[in-house]
Amino acid sequence: MRKRMISVILTAAMIGTMLAGCGGKTDSKGGGAGQAEQAGGEGSSADGNSYTMFMRNTYVNWIKELKWYDAAEANTGIHVEYVEGPDDFNDVYSEIDQRIISNTLPDAVMTKLAQTNVYGPQGAFADLAPYIKQYAPNLQKYIDENPDYAALVTDENGAIYGLVKESPIFTDYLGYRADHLEKAGIDPASIKTVDDFTETMRALKEFYGKDNPNYYPLDGRENPIRFAAWFDCPSNISAEESNGIYIDHQKDGSLDIMDENAYTMVETMKAWYDEGLINPEFAANTRTEGDWEAAMINGNATFMYDYYNRAEWFMANGGKDADPDYQMGVLDMFQDENGNILKGTSCCKYKEDCVTAVNAQCSEEKIKTILTFIDYFYTEEGMIVANYGVEGESFKTESDGSKTFIVDYAAEEATPEGEKRWSFLGDRFTVCRPIDNEAFFAWNSPLIAEAAERINTDENVMKAYNLKYTVEQTEELSNLVATVFDAEIAGIVSFVTGNKEFSADAWKAFQDEMNGLGLSRIEEIQLEAYHATFGN
Amino acid sequence: MAGRKKAGTALASGQRKKGIIQDFIKSIKKDWILYLLLLPGLLSLILFKIGPVGGMIIAFEKFSAFQGVFGSPWVWFDNFKKIFADPYIPKVVINTIILAILTVVVVFPIPIIFSLFLNEVRLKWVRSTVQSFSFLPYFISAAVMVSILYTILSPGSGIVNNLIRSLGGEPINFMAKPGWFRPLYVILEIWQTFGYSAIIYIAAMMNIDPSLYEAAEVDGANRWDKILKITLPCISTSVIVMLIISVGNIFTVNLDRILLMYNSSVYDTADVIQTYVYRMAFESKGFPDYSYGTAVNILKSVIAFVLVSFVNKMADKFAETRLF
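In the order they appear, the protein sequences are chains A and B.
If you're matching positions, the first sequence starts at 1 in the working numbering and goes up one per residue.
If you're matching positions, the second sequence starts at 537 in the working numbering and goes up one per residue.
What the hints contain is simulated information worked out from the structure, not anything from laboratory work.
The reader is advised that the hints may include incorrect statements.
Straight line, CA to CA, 27 Å or less: simulated DSS-like cross-link-like pairs of lysine-lysine [to be verified]:
hint : chain 1 : residue 1 : chain 2 : residue 2
1    : A       : Lys3      : B       : Lys565
2    : A       : Lys270    : A       : Lys64
3    : A       : Lys500    : B       : Lys713
4    : B       : Lys627    : A       : Lys508
5    : B       : Lys627    : A       : Lys500
6    : A       : Lys3      : B       : Lys618
7    : A       : Lys508    : B       : Lys713
8    : A       : Lys205    : B       : Lys713
9    : B       : Lys660    : B       : Lys765
10   : A       : Lys3      : B       : Lys554
11   : A       : Lys396    : A       : Lys368
12   : B       : Lys566    : B       : Lys554
13   : A       : Lys420    : A       : Lys64
14   : A       : Lys368    : A       : Lys343
15   : B       : Lys836    : B       : Lys618
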């Protein structure tokens, strides 16, 4: 009898454990109200003044720390319950697929335009166009005033399935250890061209490298093929031509290998590699972020070309502790041999991988709540709250009407994780809203604010375009890019590191190979999309 | 007469079927506890192994998560046609095959040799300790293993490059050399799996009749003779079964490990079918192409099945042992 009892209990326990993960989190009040309502705790919020939103967990953690965001919720009386997704962007979008399959989509989701373009017309996401007209007058005004935005989010039937996040526009900065240059007797103002830069690195290598075998003047993380703009060969697009992989690489990984300057770029990078001027692990694309940061802090590197505020990051994260003389600076953009400025690549105004879509199963009341909250950020008051905070607490208005922050950037950004702070880093996703570029750069350390004022001009920064692709074009492009982009980077890295012999013939063969894999087709599709987007 | 014969045969067949069912019911009644304990395993097999195979149908569709398996439009063999038209497929197939062959040829014999030698160790505690330690790496995750490898081979501070430097050589960035990717992958595979595989062979050795060794000793056989003429032939069935399983897994490389070891420098040798499919389905910049990824996997499985059948037939022909 005991044996039987144990067997039955064991079997029940095993089946119970095995099936524990099966089935959705449906609650009893669903009653056919749709998946958002059915999804219980992670699904729809029952409260009329709140809604749920699925988002990348890092963004959720940042939102929880923002004082201005709390002020916005208080002003609108609407609360958003965030459902945390994974950290990796690809995993975020995969989870949306899984949530669609398992009917567990919350009221709103952070998704990407490629997903809303497919799932929207199929019926997974609500067409927001009529609701925006009705419930979001300020957002509607913004759409009307920004035809590029309207073209990007509206499909051929006039439907809007997702709202795209606006992003501040910036280029990467060439940061350097100012104290290194000073001790080596080099004037940063003398570095005007890439040749000057190479010569400077040679001088630094001789100065610092003679006693330190681990010293390499130029260091970085991950993809080393990021210098195309310095050689005037980034991918580009216009009404006449499309060169290189432009889609998703308007800024990072931008390169036109068919441009003759690309050959010079590889030749120069190879010289840097052979002479020990660039960290060999960085050149080989095996450099981790942590190793690069350590090298920049402990004096094993002088230059880095990375995210706009990275120079400040080193100052605030160990630079001064490692060396009391530690001082970072930001160089001007390079010039070509004729003195023309070589423009840096920049990000697009609209971030297509941070899109807000609304579950089609949501009631009109719920859609109204979501849009009312988003609409607030398009009002004058909402824009001030999101870009400057609360008057008297985080900013003051000057006599000429301009606004100045009265809280200290360094102190606020150094607040321990999880604590509330004033922060206006608009490159991070919170809610779809307009970005005040002036406020964005003003909310930085004096080092970066000064660099931004000096560098972020039309003269220095290339314009990047959001192109509207059809679903078929997106499908073909994403498959081609999955092949060609990695192969392109791998080929160049092999030339630079000497894994492949570099010569004019080898370069020609490489160009042909890339075209054979689909580079020329990618360029064709991009050009078609440009014409479709801008109508010329 | 013939008709009667047929009717008689049908009747006999029906009775036989009825008999089988009755026997089965009787067996369930008698050993219901055993059948009950079988149930979770059976359910697990059906729900999580056999059931999802049906999902492979999306290879013939233009799959959308929203439209589901039954609602997505059919494209029949379009995805398979795309595979053969894809100029990049030959490269990843060749890389996969080279890696797989290396894995089978180099990795497969190691646990056999290891278990043969371990079996010869006289002290039982030494044998069991070595066996336990050899088994431990099996539980280490791919992420930890590759991190250890990176640390050991680091050009700046790794033990291997320190040794090279102390001998007057130039440090080598092993993780960035395409020629080193395959050997390193295979070394990790050996490190991680040889202890686990050895257990199967050691278990087979436990079943060898000790009188065979005693008789060989009487005939003057030394230890090498006993290994080669008694132990090895006696475990040959296990060896062949393991070989057939290995061939079945020939296209199944360790994706986690490759993704962790993967970088632009080793792309020429490291990009395999799985990494390509992963890029298409999960790292897509546009809408993920799950259907194409599934089509590639189906093709891969069909080839693996053909190979397994071939090896199984060869094993039956030459060693009179077969898996199925």
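Outcome of the hint check:
Proposed proximity of lysine 3 (chain A) and lysine 565 (chain B) is supported: the alpha carbons are some 16 Å apart, at most 27 Å. Of the pairs offered as hints, the one joining lysine 270 (chain A) and lysine 64 (chain A) is violated, with about 46 Å between alpha carbons and a cut-off of 27 Å exceeded. Between lysine 500 (chain A) and lysine 713 (chain B), the direct Cα distance comes to roughly 11 Å. Compliance with the 27 Å bound is thereby established for this hinted pair. For a cut-off of 27 Å, the pair hint linking lysine 627 (chain B) to lysine 508 (chain A) stands: about 20 Å separates their Cα positions.
Annotation: proposed proximity of lysine 627 (chain B) to lysine 500 (chain A) holds, straight-line Cα distance about 17 Å (limit 27 Å). Only pairs whose Cα atoms come within 27 Å are accepted, and lysine 3 (chain A) paired with lysine 618 (chain B) is rejected, the gap being roughly 58 Å. A threshold of 27 Å between alpha carbons decides the hint, and for lysine 508 (chain A) with lysine 713 (chain B) the separation of about 23 Å falls inside it, so the pair holds. Under the criterion of a C-alpha separation no larger than 27 Å, the hint pairing lysine 205 (chain A) with lysine 713 (chain B) is consistent with the structure, at around 25 Å.
Restraint check for lysine 660 (chain B) and lysine 765 (chain B): the C-alpha separation of about 23 Å stays at or below 27 Å, so the hint holds. The straight-line distance between the Cα atoms of lysine 3 (chain A) and lysine 554 (chain B) is roughly 32 Å, outside the 27 Å bound, and the hint therefore fails. A C-alpha spacing of about 33 Å is found between lysine 396 (chain A) and lysine 368 (chain A), which places the hinted pair above 27 Å, so the restraint is violated. For the hint pairing lysine 566 (chain B) with lysine 554 (chain B), the CA-to-CA distance comes to about 18 Å; that is within 27 Å, so the pair holds.
A distance of roughly 7 Å separates the Cα atoms of lysine 420 (chain A) and lysine 64 (chain A); the hinted pair therefore holds under the 27 Å criterion. Between lysine 368 (chain A) and lysine 343 (chain A) the alpha-carbon distance is near 43 Å, which puts this suggested pair outside the 27 Å criterion. Of the supplied pair hints, the one linking lysine 836 (chain B) and lysine 618 (chain B) holds, its CA atoms being roughly 15 Å apart against a limit of 27 Å.
Comparing the model with each earlier hint shows violations of hints 2, 6, 10, 11, 14; every other hint is respected.
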